[in-house]
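Chemist: Going down the list, the sequences are from chains A and B. Heads up, the first sequence is in the numbering used here, so the first residue is 1 and it goes up one at a time. Heads up, the second sequence is in the numbering used here, so the first residue is 1 and it goes up one at a time.
Among the hints, a few may not be true.
[Stated by the list, open to error] Below, simulated SDA-like cross-link-like pairs (lysine to any residue); rule was C-alpha separation at most 20 Å, straight line:
| hint | chain 1 | residue 1 | chain 2 | residue 2 |
| --- | --- | --- | --- | --- |
| 1 | A | 348 | A | 463 |
| 2 | A | 322 | B | 30 |
| 3 | A | 152 | A | 322 |
| 4 | A | 180 | B | 132 |
| 5 | A | 322 | B | 103 |
| 6 | A | 322 | B | 120 |
| 7 | A | 322 | B | 82 |
[Said to hold, decoys possible] If you want the ones that stay clear, here's a sample from chain A, every Cβ over 12 Å from chain B, calculated:
| hint | residue |
| --- | --- |
| 8 | 114 |
| 9 | 257 |
| 10 | 323 |
| 11 | 359 |
| 12 | 483 |
The set of hints was computed from the structure by calculation and includes no laboratory data. Heads up, the beta-carbon is just placed ideally off N, CA and C, and yes, glycines get one too.
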Amino acid sequence: MSHAEGSCDFVVVGSGAGGATAAMILAEAGREVVLLEEGPAVRDEDRGLGTSEAFFRLFRAGGTQVAVGRSVIPVLQGRCVGGTTVVNGAIVWRMPEDVHARCFGAIGAAEAIPLREMERCFDRIERDHAVAVTPEGLLGRNGLLMRGAAEKLGLEGHVIRRNVLACQGSSRCLEACPSKRKQSVEQTYVPRAVARGARLYAGHEVRHIEVQGGRAVGVQGRDAEGRAFRVTARRGVVVAASAVQSPLLLQRSGLGPRGQVGAHFMAHPAAAVSGVYRDEVKLWQGGTQTYEVDHFRQEGFKLETASLPLELAGVRMAGFGKVFQEKIGDYQRTAVWGVQVRAEAEGKVRRGLGGTSIAYTPEARDMERIRRGARVLCEMHLAAGATHVYPGVHGGPEVVRSEADLRALGELPLDPRAWSLIISHVFGTCRMSRDARGGVVGHDFGVHGVKGVWVVDASIFATTPGVNPQHSIMALAMLAAERIAEERAG
Amino acid sequence: MGVGRSVGLGRGAERRLAVVLGAMLGEPAGIAEDVAAFFGQYLRRAPLLAAVGLRLMVWALEWLPVVFVGRPLPASALGPEVLARYLGRWAGARSYLVREGFFLVKMVALLGWGAHPAVRARYGMPGVAVVRAPGGAVVGTAEGAVAGAQQGTEGS
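Here chain A stands alone, though its shape is the one from the complex:
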């Protein structure tokens, strides 16, 4: 394994959506870049091996990372070259105007980060990532059923735009696309950065940012073999290690306003509802996520298909033994849809016993949105012809079969312990603010109180966007890197 050392203009920490984009833009600008990724490179033989292997090889903490509060919620993040873009559903959403206003207008940054500039970045990213509406032949029955339900109930929805080139429809996006058709950044901007001279080091965890005279001058860390490394940065350090790891790095380095770094952890908690149909659905055929209903986006939730693999589909099915077999026996005829919520609750990330600690509990208002979304999903499944639906909520009706059953769903408990939630979008822990009293980075993405350290990942969001964030993260990183590239050597 190669070992990082020496000097460069910019060190970029993290090779996911933000880091890969920043590294490429800086390299294109002629800057000397070292791109450091804690996780391993993704080899061909790591792809398409099933959920368990994907967890161990490609996810943080082997897929066991959790947020702990009133309940325990899995927080899924990629940990490999390409980061979470390698293991997500390839959903592309341009940041809508209302989201931009909420995320940046509210903190007075609408002029510093104009939507028109982001649109320019979106255009380029979409060209570079083969973004297109999912072709009809790849919707899968899961997507077709949701579209039918939306049309029947008059709900606004659309076929998902994805960053996939010539998808084969193996429904394995979450295991790292086995045919490398998904245009995750390890396929696009990472190699492009390397082609422009960036030096990529996988298996290199940055533990500390060195600062001299109030300016970042390099990083220190350990590689996967336990060897210490140090890289000097003449112009600065760009942090893009995710809304969980970026604040931890700043905390370890003693950077950023105390009390703000790691605070304001926010998320899009999600829950799944499965419906059983008379005809085959075959979740393993088609794109992993192909249709979404954004009818309720202004209410704070969005619905989308999610083709869960067999290994995960039975997790929250009540019952065991013969009862479990009867339920899971319908897997071929099961469609799975999810509700994802623009939650308002705030938590905290810090170093805890045995590693990362994420403290987080959805608020009652967030749970009301989840409950409403789950009810709509049940209604949609019935409208699409499901014979029965499993809401998957402890203490609620186990099965919904009719309109009459739907009424009981309005009384589903709001206690998060009754729900099977999952988080894959995280934000806010290095949030942007005008000054050090309100957040961690300024409108120029620079960390308050230190020169030459910028954060360009989802941690800068001051609020949850309510739409899939990869595209927005990349556009923000692109915008930031274009400006950072002009930074003079310290």
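Since the structure of chain A is provided, determine the placement of chain B on it from the hints.
Modeler: Relative to chain A, chain B alone:
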């Protein structure tokens, strides 16, 4: 990731777990034994904290029938009806921690169960690892994938 090396299942524990998992999943002994073996491997690979927590749950599931159904026996020695009642108490417990502990064991077991070749064959599914044609294309994908792929190429 290798920090969980000291956590695992001994042969006896794995054998006992297979009995419990067989009842939990409704599977015959052969598949249940494979899933229990998977469980042991999972523990060895999992991060230390997760592995220790799971190992404790496996222990509790095996040794607490006396608490849940008043039988001073390990779960693997219970008759089918009592074992079913015992598992029902875990799954439906009012205590979130108890319920969640049961759920965690089930989740890991399902990772192994859903990857089992016999189980996947039952559903007419391809193997858990993709099979590639000589050209590298993945075999067993959506029927409309070829047409869709062409559209996708044009669309991009």
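Chemist: Residue 322 (chain A) and residue 30 (chain B): Cα distance at most 20 Å?
Modeler: holds (17 Å)
Chemist: What's the verdict on residue 180 (chain A) and residue 132 (chain B), does the C-alpha distance respect the 20 Å limit or exceed it?
Modeler: Holds, because 12 Å separates the two Cα atoms, which is no more than 20 Å.
Chemist: Check the hint pairing residue 348 (chain A) with residue 463 (chain A) against an upper bound of 20 Å on the C-alpha distance.
Modeler: Distance ~14 Å between residue 348 (chain A) and residue 463 (chain A) Cα, so the pair holds.
Chemist: Residue 483 (chain A) clear of chain B by more than 12 Å, beta carbon to beta carbon?
Modeler: holds (29 Å)
Chemist: Do the alpha carbons of residue 152 (chain A) and residue 322 (chain A) lie within 20 Å of each other, as the hint requires?
Modeler: Given pair residue 152 (chain A), residue 322 (chain A) is violated - Cα atoms ~36 Å apart, limit 20 Å.
Chemist: Non-interface claim for residue 257 (chain A): all C-beta distances to chain B beyond 12 Å?
Modeler: Holds: least Cβ distance 30 Å, greater than 12 Å.
Chemist: Check whether the Cα positions of residue 322 (chain A) and residue 120 (chain B) lie no farther apart than 20 Å.
Modeler: Satisfied, since the Cα-Cα distance of roughly 18 Å is no more than 20 Å.
Chemist: Is residue 322 (chain A) within 20 Å of residue 103 (chain B), Cα to Cα?
Modeler: Status holds; Cα separation ~17 Å.
Chemist: Need the status of pair residue 322 (chain A), residue 82 (chain B): alpha-carbon distance at most 20 Å?
Modeler: Answer holds: residue 322 (chain A) to residue 82 (chain B) is near 15 Å, not above 20 Å.
Chemist: Is the claim that residue 323 (chain A) lies outside the interface with chain B correct, judged by CB distances over 12 Å?
Modeler: Nearest chain B Cβ is 8 Å from residue 323 (chain A), so the label is violated.
Chemist: Just want to verify: residue 359 (chain A) was marked as not at the interface with chain B; is every Cβ pair farther apart than 12 Å?
Modeler: holds (16 Å)
Chemist: Minimum Cβ separation between residue 114 (chain A) and chain B greater than 12 Å?
Modeler: holds (27 Å)
Violated hints, listed in ascending order, are 3, 10; each of the other numbered hints is respected by the structure.
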